[in-house]
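Guided by the hints, dock chains B and C onto chain A, whose structure is given.
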Amino acid sequence: MVAQNIFFGVIAAIVVVSALRMVTTRNIVHAALYLVAVLAGLGALYILLTAEFVATTQVLVYIGAVMVLFLFGIMLTKAPLGGVMEMTGAQWPIAAVVSLLIGGVTVYSLMARFGSDRLTSDGPIFRTADVSDEVFSTYIVPFEAVSVLLLAALIGAIVLARKD
Amino acid sequence: MLLNQFLILGAVLFAIGVYGVLARRNGVMVLMSIELMLNAVNINLVAFGVQHGVVSGQVFAVFVIAVAAAEVGVGLAIVLLLYRNRRSINVEDFDLMRG
Amino acid sequence: MWMLENAFIIPLIPAISFVVILLFGKRFIGPDRVHVVGITALGLVWVLSALAAFQWTQRVEHPPPDAVVQMASHADDHADDHADDHADDHADDHADDHVVVSENNSGDAHGGGHSSPLIRPVISTFSQWWSNGGIEFSVGTLVDGLTVLLLIVVASISLLVHIYSTEYVKDDRRYVHYYAFLSLFTAAMLFFVMAQNIVQLIVGWELVGVCSFVLIGHWWEEKPNTDAALKAFLTNRVGDIGLLVGIIVLWGTFQTFDIDAINTLIAADPGAHHLALLVAACCLMAAVASKSGQFPLHTWLPDAMAGPTPVSALIHAATMVVAGVYMIARLYPVFYEGLSVGTSSINLMAFIGGFTALIGAALAFAQWDIKKVLAYSTVSQLGYMVMALGVGAWTAAIFHLFTHAFFKACLFLGAGSVSHAAHHTFDMRKMGGLKKDMPHTYRTFVISSLALAGIFPFAGFWSKDEILLGSLVGQKNSYPLMLIFGCVVAVMTAAYMTRVIWYTFHGEFRGEGHPHESPKMMTTPLWILAGMAVIAGVFNLPGPVLEPFGLEGLAHRIQTYVEPSVYLSGLGLSHPDPSLTMALVGLALAVSGIVVTYLYYWRRVGLHGMTERNRYAKNGYTFLENKYYLDHLYNDVIVETVKRPIANWANRVNQNVLDRVVDRAGETARDTGRWIYKWIDQGAIDGSVNAAARGADSSGEGLRAIQSGKIQNYGQLLFGSAAVLAIVFVIVV
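Protein chains in written order, with the working numbering: chain A, 1 to 164; chain B, 1001 to 1099; chain C, 2001 to 2733.
Calculated from the structure, these hints are not laboratory results.
For every residue, glycine included, the Cβ atom is placed at its ideal position computed from N, Cα and C.
Be aware that one or more of the hints could be misleading.
Lysine to aspartate or glutamate pairs mimicking DMTMM-like chemistry, simulated, CA-CA at most 25 Å apart [to be verified]:
1) C:2223 / C:2427
2) C:2435 / C:2167
3) C:2170 / C:2032
4) A:78 / B:1095
5) C:2710 / B:1092
6) C:2710 / B:1093
7) C:2710 / B:1071
8) A:78 / B:1092
9) C:2710 / B:1095
10) A:78 / B:1093
11) A:163 / B:1093
12) A:163 / B:1071
Selected chain A positions facing chain C (Cβ under 10 Å, derived; list incomplete) [as the list claims (entries may be wrong)]:
13) 7
14) 89
15) 94
16) 95
17) 97
18) 103
19) 104
20) 105
21) 106
22) 125
Chain A with its partners taken away, still in its complex shape (with noise of 0.2 Å):
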């Protein structure tokens, strides 16, 4: 037990050091690349939970996919590299005291609500064969619509990208 709590505090301050870096930075393609480090860091965390199929999607849809398309957009939208647009606007105060807010808010009724609740840890380990059970039978439906949004998704992102 020790090792995991040593293992997630280690990863979760890499996290968090991370997604700061990542809203803070003046150069887009280094929030980018923070942003790697946050996915990258989700998916350990993702194994540390026994969610394995879901760590494995983590790391191929969003470093492998996302973060593409990501760079991508970065690059069509010929964003400067180096530091040169301001990237942080001027309400930036007001954006922080909310977020401060909400996060506050959540944090002190998760602590209030769950304060010292035990992770189970002999509970069932779901593998991927469990998964992939469950999500072909009790919720079918559910991925069927899943997969009929990204095929819509698919066709509205070439529709409004392409140049006609």
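Relative to the frame of chain A, chains B and C by itself:
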């Protein structure tokens, strides 16, 4: 491990994501921050799934990832379109809805 | 009793007619024949309503055992046993109490010595409409004397208006639309009066409101008409908030929407829940004020005259505007106990009603538009009814509602007939001398005016007399202030109606073209209504009047049939003995009003033939028709010599009215009316409404800053308010 470790990490990431959405001027950055918020939610889903010993948490996390992918696709397409039409992806430039 | 249990058929017929006219009117029936559908439906409704009324009288005369409230236990009644079991459950606990009260009450009742049995209303519940979180909304009908009375009134007036409209709106481009909404209105109003619970009451209330909106704006191509429709709609919204809140309060107090249950509960235990009832009654009073044109929400009613005249007769004189009065009567225990008529010296409701009656009558003097005179007269008469309810004269108010519906509808239709003849104008300055051209309209108009003024033996005399008597005697104490209000209004009513008749039918014709009598389709309804204006009073004649003819059995028919309800007896209402003195005083007041006005107008005709025309010249005609400039000089001479002292005084008040001072009384009343119109009605009330609008405007201007159009500002507001709400939630929970 405490359940709260994961939940609070999720809350902190979510707050950071909110800050990013509200403070960043670059449209792509805003989209990235939204990804951060969605990931924060995913941690909660998986953590609660483990806590309750059910697989639904993971299933929903996968669904969220799928929806996030769709959202990024459309979002980036919109940003590209904006850039093509307005030569800018600074979200502060877009105030056509001004009252 | 079949009709009473299946009363839902009655509103269903015009509802079907509405659908048929709207869907098939243009294509299949033909735009010029849709009135056949409407009139057929209304004829059917009338027959069924009459049947229902007859069956109700049978129920009162020969009550089935389950209909009468027994001494021993509360009767478990109705054909549908499951219908209102919770009502009975509640009532059982207190059954003994209120039956004792009612027994006492029936002893000292009225002069005729007729003791009313207490008849339960016929309640049918058809289905559970909606049930949510333990709250049940049912749909059903509640039929009692009050309902059948309203059924008869609505069906009769609506039928006559349908017939009248065939001529009046002939060749209108939205003829189909017009008849469809007349049908819908009738259906909504009938549905409203037989509502079994207060949720249904709201549904009917809003439906009649929206029909009123649509029909006021019937000729929406002209801006003033749309404005008037919007004004009516928005003013009614104000009251609707009160209605909603009041109903929620009632539900919170009694945990039921059932009208019967609520009334029974209050009547069984008066004095309980006083605070809740006070709040509910005040909120509902706002609704009544908006719908029934009570001060200070009456301003929409005169504007509503922009609609077609038959609509004004049906909706804004006879039926819809009495919805508020009906609601007070229906939920009378709520108002009676909430505003505690018996213990306070001035009851809010009586005061609002009396004040409304007074200012309405005063305003009627200042109007040149014949329909607006009638509109303010309606405001005034509705105030009379509310005042009567306020002082506890329930039956008198309902009786007045009944008679007023007929003669006011007749007056409106008469005004419509006049305008139909006189080039579609309602301006009395462009009328005059129509007596010889329009004998039928003239006669019916005079009859109805006499009824409105309260001249023996017309209908208005009897009902007005009962109201005055009610305020003289009161329930637990007398209401001298209301009596004074009532008497003053009686004089003013007689006076302004005489003025209208003078300007419209006497003197010389001042309009253009050749006026002609309206066709038969219009005069027939006029004569029927005029006939009702004559005889409607017989339905509630006091006993002593009938004794010489040996017809005492027919006395107080409305009181006998409409009133016998457990709730009212539970409140311990009694009836004052008929008083010959009061009747004579009321008659004398009305006659004096007529005589004073008569002298004011007619006597001057004899003395100064030319001045008559000058007066108009002085009053705005100089701006319009230069041919009167010739007489201007003439007039100045007469004014200077005959009426100098008064004229000087009046000159300071208002330059426009300097020479109209033959009769100080008439003049003062008119000035008062004009003053109230200008400063209170238009200035204070309209002004405050406008100020509210400006306030909304400027605050909108301020809020505009937030609408920066920048997505991130919206995001900040969204997340910020979510955070604040979450914090509040955390702190509270």
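Hints versus structure:
Pair hint residue 2223 of chain C plus residue 2427 of chain C holds up; C-alpha atoms about 19 Å apart against a cutoff of 25 Å. Straight-line distance between C-alpha atoms of residue 2435 of chain C and residue 2167 of chain C comes to about 21 Å, which keeps the hinted pair within the 25 Å bound. Using a Cα cut-off of 25 Å, the hinted pair residue 2170 of chain C and residue 2032 of chain C holds, with the two alpha carbons roughly 8 Å apart. Between residue 78 of chain A and residue 1095 of chain B the CA atoms are separated by roughly 22 Å; this keeps the pair inside 25 Å, and the hint holds.
Pair hint residue 2710 of chain C plus residue 1092 of chain B holds up; C-alpha atoms about 6 Å apart against a cutoff of 25 Å. The straight-line distance between the Cα atoms of residue 2710 of chain C and residue 1093 of chain B is roughly 8 Å, inside the 25 Å bound, and the hint therefore holds. Proposed proximity of residue 2710 of chain C and residue 1071 of chain B is supported: the alpha carbons are some 21 Å apart, at most 25 Å. Pair hint residue 78 of chain A plus residue 1092 of chain B holds up; C-alpha atoms about 18 Å apart against a cutoff of 25 Å.
Of the supplied pair hints, the one linking residue 2710 of chain C and residue 1095 of chain B holds, its CA atoms being roughly 5 Å apart against a limit of 25 Å. Only pairs whose Cα atoms come within 25 Å are accepted, and residue 78 of chain A paired with residue 1093 of chain B is accepted, the gap being roughly 17 Å. This hinted pair checks out: residue 163 of chain A and residue 1093 of chain B have alpha carbons roughly 23 Å apart, not beyond 25 Å. Our distance criterion of 25 Å between C-alpha atoms is met by residue 163 of chain A and residue 1071 of chain B, whose separation comes to about 21 Å.
Violation of the interface hint for residue 7 of chain A is found here, the shortest Cβ-Cβ separation to chain C being roughly 32 Å, above the 10 Å cut-off. Hint on residue 89 of chain A holds. Least Cβ distance to chain C is approximately 7 Å, under the 10 Å limit. Interface restraint check: residue 94 of chain A against chain C, minimum CB-CB distance 5 Å, threshold 10 Å, status holds. Annotation: residue 95 of chain A was flagged as interfacial toward chain C, and the flag holds, the nearest CB pair being 6 Å apart, inside 10 Å.
A hinted interface residue such as residue 97 of chain A counts as satisfied when its beta carbon comes closer than 10 Å to some beta carbon of chain C; here the least separation is about 8 Å, so the hint holds. For residue 103 of chain A, the interface hint holds, the least distance from its beta-carbon to any beta-carbon of chain C being 9 Å, beneath 10 Å. With a least beta-carbon distance of about 8 Å to chain C, the hint placing residue 104 of chain A at the interface is held under the 10 Å criterion. Given hint, residue 105 of chain A at the interface with chain C, holds; its Cβ is 5 Å from that chain's nearest Cβ, closer than 10 Å.
The beta carbon of residue 106 of chain A is positioned within 10 Å of a beta carbon in chain C (closest approach about 8 Å), and the interface hint is therefore held. The interface hint given for residue 125 of chain A is broken, as the beta carbon of that residue sits about 35 Å from the closest beta carbon of chain C, more than 10 Å.
Checked against the numbered hints given earlier, the structure breaks hints 13 and 22 and satisfies all the rest.
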